[in-house]
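Colleague: One-letter residues, chain by chain:
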Amino acid sequence: SQTIHQWPATLVQPVGSPLSLECTVEGTSNPNLYWYRQAAGRGLQLLFYSVGIGQISSEVPQNLSASRPQDRQFILSSKKLLLSDSGFYLCAWSVLAGGPTGELFFGEGSRLTVL
Amino acid sequence: SQQGEEDPQALSIQEGENATMNCSYKTSINNLQWYRQNSGRGLVHLILIRSNEREKHSGRLRVTLDTSKKSSSLLITASRAADTASYFCLNNAGNMLTFGGGTRLMVKP
Numbered sequence: 083s084q085t086i087h088q089w090p091a092t093l094v095q096p097v098g099s100p101l102s103l104e105c106t107v108e109g110t111s112n113p114n115l116y117w118y119r120q121a122a123g124r125g126l127q128l129l130f131y132s133v134g135i136g137q138i139s140s141e142v143p144q145n146l147s148a149s150r151p152q153d154r155q156f157i158l159s160s161k162k163l164l165l166s167d168s169g170f171y172l173c174a175w176s177v178l179a180g181g182p183t184g185e186l187f188f189g190e191g192s193r194l195t196v197l
Numbered sequence: 090s091q092q093g094e095e096d097p098q099a100l101s102i103q104e105g106e107n108a109t110m111n112c113s114y115k116t117s118i119n120n121l122q123w124y125r126q127n128s129g130r131g132l133v134h135l136i137l138i139r140s141n142e143r144e145k146h147s148g149r150l151r152v153t154l155d156t157s158k159k160s161s162s163l164l165i166t167a168s169r170a171a172d173t174a175s176y177f178c179l180n181n182a183g184n185m186l187t188f189g190g191g192t193r194l195m196v197k198p
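Listed in order, the protein sequences are those of chains L and G. In this text, residue positions in the first sequence follow our numbering: the first is 83, and each later residue adds one. In this text, residue positions in the second sequence follow our numbering: the first is 90, and each later residue adds one.
Pulled out of the complex, with its shape left as it was, chain G reads as follows:
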C-alpha cells in the first residue's frame, strides 16, 4: 500500500523559530494533506495542496509540493509552544487515504 514517510521523526525548536517537516510518497496522488494531532486526540486537518499546485499558504503554514520528487514540505513560521504536536502527511489517491509516520514537534517556550 502507499506509505508516506515524514522526516524528521522528531524535531525540537525554540519558540519563534521556524519548523520544517518533509514528507515523501510513492504513488501518484490527487492531493496531499497535512494534519496535526495533539497527544491522545484525534487528528485535525491543517492544509491541502492539490497535485497541480506547487505552494500554498494558510496563516503561519506554508506547504510545498514537488510531484517530480514525490515530496512535500510543511513549514510553520514563528512557532509557538502551542504548536507542539505530531504532524502527519496524508496521500489522497481516491478511496485510499494513507498516512506517513509523522513528525513529533516540540516547541520550547
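The shape of chain L in the complex, shown without the other chains:
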C-alpha cells in the first residue's frame, strides 16, 4: 500500500534562517507531487507541483523553492525565512495525470512557526 511521510512535524525557526521540509512517498511510482501551505483557519494554497524528477512548477512567487531529486522525494526549501512563511505545510501525491481519479493523498503536515 502507498504511504506518504512528511517531516519534521513541527518546526520553530528564526527569521532569516534556512528551511528544509521533506516528503517521501512509498508504494507507488512516478507520482505527481504537491506542496500546499495553509494559513491558520484558511484554505490551502498550492505552492509547487511536480510531474517528474527535476520538473517543478511554481504557482506563487515567493522566497520558497522546491526540488525533486528522486522520483518519490519532494523537498521544500528556503534560504531565508520570513515571518509570513509561518503556516501549515502539506505534501500530497496523486496518480500521474491521466490516471483514474486524481485523488490526492496527504501527509500529516509540518507546522512552521517563524519568530
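Partial chain L-side listing against chain G, Cβ under 7 Å, derived:
{"hint": "1", "residue": "L172"}
{"hint": "2", "residue": "G184"}
{"hint": "3", "residue": "E185"}
{"hint": "4", "residue": "F188"}
{"hint": "5", "residue": "G191"}
So the derived label-pair ranges between C-beta atoms look like this:
{"hint": "6", "chain 1": "G", "residue 1": "E144", "chain 2": "L", "residue 2": "L165", "range": "41 to 47 Å"}
{"hint": "7", "chain 1": "G", "residue 1": "K145", "chain 2": "L", "residue 2": "V133", "range": "24 to 30 Å"}
{"hint": "8", "chain 1": "G", "residue 1": "T109", "chain 2": "L", "residue 2": "S159", "range": "40 to 46 Å"}
{"hint": "9", "chain 1": "L", "residue 1": "E104", "chain 2": "G", "residue 2": "N107", "range": "38 to 44 Å"}
{"hint": "10", "chain 1": "G", "residue 1": "P198", "chain 2": "L", "residue 2": "G134", "range": "45 to 51 Å"}
{"hint": "11", "chain 1": "G", "residue 1": "R139", "chain 2": "L", "residue 2": "V133", "range": "19 to 25 Å"}
{"hint": "12", "chain 1": "L", "residue 1": "G109", "chain 2": "G", "residue 2": "S101", "range": "38 to 44 Å"}
{"hint": "13", "chain 1": "G", "residue 1": "E104", "chain 2": "L", "residue 2": "G136", "range": "49 to 55 Å"}
{"hint": "14", "chain 1": "G", "residue 1": "S128", "chain 2": "L", "residue 2": "L197", "range": "21 to 27 Å"}
{"hint": "15", "chain 1": "G", "residue 1": "S128", "chain 2": "L", "residue 2": "P96", "range": "25 to 31 Å"}
{"hint": "16", "chain 1": "L", "residue 1": "S111", "chain 2": "G", "residue 2": "T156", "range": "29 to 35 Å"}
{"hint": "17", "chain 1": "G", "residue 1": "D155", "chain 2": "L", "residue 2": "L197", "range": "43 to 49 Å"}
{"hint": "18", "chain 1": "G", "residue 1": "K197", "chain 2": "L", "residue 2": "I135", "range": "45 to 51 Å"}
Please keep in mind that the hints were generated in silico from the structure rather than gathered at the bench. Glycine included, each C-beta is placed from N, C-alpha and C at the ideal position.
Got chain L; can you put chain G on it based on the hints?
Modeller: Quick look at chain G alone, frame taken from chain L:
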C-alpha cells in the same frame, strides 16, 4: 489560477441535523472532489464526482454537481459530533488541483 469557493465559511448545527456545504469553481473540470480535515491534520479524501455525473452517494454523504452553474454541494445527513471538521472542495483539471477556502463545520452534541 482556478479557485473554488465554499460557502458558508462556517456552519454550526446540532447532532442529527443535516449539513449542506456549497462550492463554486471558475473553469472546466475533470472531476470535483471533497475532502475533510481535522484540526492540525492532513486532508482525507471523502468523495469524487466526475464532470459527467450529477449526483453521487457514499454512506451519509451526498454530492451534487451542476456544471452549467459551475457549482457542487456536499450534504452530510444525520450529522454526528465526530463530523466536526473543515471540509474542502477540490477542482481537478489535469495537473492543476486547486482547493477552495473550506467550510468549518461544528456539530454540537
